[in-house]
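Given next are the chains, with one letter for each unit.
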Amino acid sequence: MGHRSRGGRSARPVGSAALAVALAAVVGAGAAVAQDQSGGTVKVGFIAPVTGFVAALGQDMRNGWDLYWTQNGTTAGGVTVETIYEDDAGDPEVALTKARKLVEEDGVQMTAGPILANTAYAVADYVAGQGLPSFHITGADDLTQRRANPLVLRVGYTSSQSNFPAGQWAYDQGHRTAVTLCPDYAFGWESCGGFVSAFTNAGGTVTQLWHPLGNQDFASYMTDIQAAGPDVVFVGSAGGPDAILLYQTYAGFGLKDTTPLIGNCCFADQVFLREIGDIGAGIESFGYWVESRDSDEVTAFVSAYEAAYGDTPSLYAAGSYMMAQVIAEALEATGGVVDGEAFVSAARGVSLADSLYGPLAFDDLNNPVGPVYRTRVEPREDGRLVHVLQETFPDVSQFWTYGQDAFLANPVFSRDFTGVAP
Amino acid sequence: MSLEQFALQTLNGLTFGALLFLLASGFTLVYGLMRIVNLAHGALYLVGGYVAVVVMARTGSFPLAVASGILAGAVLGLAIERLLLRRVSGQELPEVLLTVGIAIVIGDLCLAVFGGKAELLPVPAELTGATRLGSVMYPTYRLVVMVVAVVVGAGLYLGLQRTRLGARIRAGVDDREMASAMGVGIDRLFVIMFALGAGLAGLAGAIGAGLLTMRPGADLDILLYALVVVIVGGLGSIPGAALGAIVIGLIDAYSKTWFPEFATFAVFAPMALILVVRPTGLLGRAT
Chain A
1 MGHRSRGGRS ARPVGSAALA VALAAVVGAG AAVAQDQSGG TVKVGFIAPV
51 TGFVAALGQD MRNGWDLYWT QNGTTAGGVT VETIYEDDAG DPEVALTKAR
101 KLVEEDGVQM TAGPILANTA YAVADYVAGQ GLPSFHITGA DDLTQRRANP
151 LVLRVGYTSS QSNFPAGQWA YDQGHRTAVT LCPDYAFGWE SCGGFVSAFT
201 NAGGTVTQLW HPLGNQDFAS YMTDIQAAGP DVVFVGSAGG PDAILLYQTY
251 AGFGLKDTTP LIGNCCFADQ VFLREIGDIG AGIESFGYWV ESRDSDEVTA
301 FVSAYEAAYG DTPSLYAAGS YMMAQVIAEA LEATGGVVDG EAFVSAARGV
351 SLADSLYGPL AFDDLNNPVG PVYRTRVEPR EDGRLVHVLQ ETFPDVSQFW
401 TYGQDAFLAN PVFSRDFTGV AP
Chain B
1 MSLEQFALQT LNGLTFGALL FLLASGFTLV YGLMRIVNLA HGALYLVGGY
51 VAVVVMARTG SFPLAVASGI LAGAVLGLAI ERLLLRRVSG QELPEVLLTV
101 GIAIVIGDLC LAVFGGKAEL LPVPAELTGA TRLGSVMYPT YRLVVMVVAV
151 VVGAGLYLGL QRTRLGARIR AGVDDREMAS AMGVGIDRLF VIMFALGAGL
201 AGLAGAIGAG LLTMRPGADL DILLYALVVV IVGGLGSIPG AALGAIVIGL
251 IDAYSKTWFP EFATFAVFAP MALILVVRPT GLLGRAT
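Chains as they are written, first to last, in this note's numbering: chain A, 1 to 422; chain B, 1 to 287.
Careful, some of the hints might be misleading.
If you want a taste of the chain A side facing chain B, the calculated C-beta under 8 Å gives, among others [what the hints assert, rightly or not]:
id : residue
1  : Trp-210
2  : Tyr-221
3  : Leu-245
4  : Gly-252
5  : Arg-274
Hints in this document: simulated from the structure, not taken from any laboratory.
On a predicted model such as this, the values are computed, not experimentally measured, just so you know.
The beta carbon of each residue, even a glycine, is placed where N, CA and C say it ideally should be.
Let the sequences and hints guide you as you build the complete structure.
So this is what it looks like as structure tokens:
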């Protein structure tokens, strides 16, 4: 399935950066070939937004990535891993420019990151076009679905993956009507798509609300929720500031005490928990990173991370740590040889009995199959809010129970399509 | 939509509009007298908000936090006017570019100091609850924001109309050279005005930190709304800023319910329309 059949994106002019890119291409062309066989060192280009509007996520990513190599050493499969960091500022044009710079000037043999869907697509397309592997933690469904590529591997889950169990569970709890509130762009459509599909297939009915990106005030949506009076509210959020504002408004309107709220992977993320205060306790959410889960892997990672950086590691820190781990395992498997698709195949073959996410394997389209956890936010002994495991849904696939072929016969989730038929 | 829901959406619009008014009024005051398009106004909002959050965390006093936010905005504004803007006084393009540069520097400094996360001003318990309105609960704090905006708006209006300082400012707005020739100390007025406008931005930041949270980029997001308010209402006019804030606040709330696909468009479309039909804004005067 799926060979490289696209290239339009990477050939697109990039506005004011076009000149710099053109120069880099000319200057870097020779260097890339020369550095390909650099013997004992493998260069990895690590792209994360450490400035701009998602700067907090990018810094967490960098911390998680660094922590893996600090803890395990930078040698894997007999070669030394050298990381070259770039900042994409959350902007796809910048991400593409940085990816080009990494490949053509620095001669990296693979890339890891970035996080936002549009930046990840830009990087994945370009890097695959150069015949090099790229590793991702972005949620964008199609990266491992309709736009899957043998050179692209995702170490996080798709945006919809952990929300199918959420929809089924909400129905099983006796909820029959739901309001969903998601941001009005691909991540939101996919997050809500997972919940809506499973909930409506089970027999529930939904009212779907979408808020624009850069929304300033959530009050209107709260009034709409009050008017609909649903059994349950599902929020599919990219987390961070928007989620804090949303939940504070939710509580301010008194909805916290009348209507249960279920969050997706990222709504009540660790960035959210650091700031939300007492009203955060009790939030239920579905995701794949549980920082208080009883596992040696998790405990060791969390205590090392807190010692090094002070904060509880977020999904993005854990995801980047996992990217590093999968890359290291793949290097062990290939004896340090990084050779395009063969290397990604080796990475896909990585199977972990336990990891930060739990037992993990990859499907044929290079996406994880693993557990989804239902969690409740509770204070830890030291008062810090953390997710506490309530229930595990094992071996959840990105195609839920629909099967790959039936699922992929549908279009990708959008504002107009959120309900996969059984 | 039920009548009650409509009434609540109206309230949502008015309370958001109240915050926009606090920000837009400072912007429009400065422009009205000094003809400076201060695009660093959002950065002053950001600083006011962050300072309020820090003071709240240290002292636990909400009034003190708000006062510090105002003071931080005013002092920073004063420094910007005295140390930087003064050097390019009267040159429109350098002034605007300088304020853009200041906005970027302040925004990045805030990112360096406070990090990329969102900071919420912990409003005291008696203001965080919900007030019962009819059959539904409405957040008390939003009502407080509206009261603050009305008080500030009335204060500004009366101050401009009824006080000696207000008369001098109005004279300066009407004809700067003539007022100067009549013995009005324009230079001192500029300082007072810039500090007042910046203080209002700081106040909006402190209040907004409890309503919308402070975070990187919040300055530009809200400044964009404030610019729309000012353009719709009319540059330089306080009543115009009030009217613009109400119009934009209501459009924002209604559009999210009635045609959510166009919520963003609906906020900016009136601005384009106003610029075409009445470039001076609803209550602005041609200059």
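For each hint, the structure was consulted:
Taking 8 Å as the C-beta contact cut-off toward chain B, the hint placing A:Trp-210 at the interface holds, the least distance being around 6 Å. The closest approach between the C-beta of A:Tyr-221 and any C-beta of chain B is roughly 7 Å, which is under the 8 Å cut-off, so the hint is satisfied. For A:Leu-245, the shortest C-beta to C-beta distance to chain B is roughly 5 Å, which falls under 8 Å, so the interface hint holds. At about 3 Å, the closest approach between the beta carbon of A:Gly-252 and any beta carbon in chain B falls short of 8 Å, and the interface hint on this residue holds.
Because the smallest distance between the Cβ of A:Arg-274 and any Cβ of chain B comes to about 7 Å, under 8 Å, the interface hint for this residue holds.
Comparing the model with each earlier hint shows no violations; every hint is respected.
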